[in-house]
Structure formats: C-alpha cells, structure tokens
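The C-terminal position of the sequence shown is numbered 95 in this note's numbering, with every residue numbered one higher than the one before it.
Derived from the structure by calculation, the hints contain no laboratory data. You can trust all of the hints, since none of them are fake.
No more than 30 Å apart at the CA atoms, straight line, and that leaves these computed lysine-lysine pairs for DSS-like:
id	residue 1	residue 2
1	Lys-70	Lys-12
2	Lys-12	Lys-33
3	Lys-33	Lys-63
Note that the structure is predicted; figures quoted are calculated from it, not measured.
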Amino acid sequence: MNTIKRTARIDIFIEEDRNTILIQEKWQYNWSTRATPWTIRETRKFHQPADILISKIWGNYFKLKIKGLSSFAVKHKNSVFTVDFDIK
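Work the whole structure out from these sequences, hints included.
Structure (structure tokens):
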C-alpha cells in the first residue's frame, strides 16, 4: 500500500512494499537578471544536473526505523525505510 501526502511545496510518497520514502520538493525558479528569461531548454539544462546531484548526495543517505502504536508502526516495526529526494 502506498501513502501520499501532498502540500504546496512538497509531496511525500511512502511505498510500503519497497520500504522507501520519496520526498519530492517543488522548486520555482525566480531569476532576477537583466537578461531575457530562460528558455525551457535552458531551464532543463540547469534542472537535470541539479536533480542528479541532489539524488547522488542525499539519495539513500537516510534510513528510518518505525516506532509507535499505530497500525502502520506495528506492521513495520522491523522495517527500515530508505529516504530519497527529488526536485520537481
């Protein structure tokens, strides 16, 4: 079963079958320059390497153990969840 929590700035996806938690941040670029605004191609050229770098440094860096008395906590008391990050 997957659990999703969406907010204006961040979405959290919990994939119980894979023991993963994906934190997807919603970035908005506001460039203050005298140059013309970035094209879609230029934005993608910046975004893709940034996304790869964040995933490389922070992806799978954190591991979470579940504690508590909720049904989710009881079900996953011996599970270790891996946290991954993504920017959108």
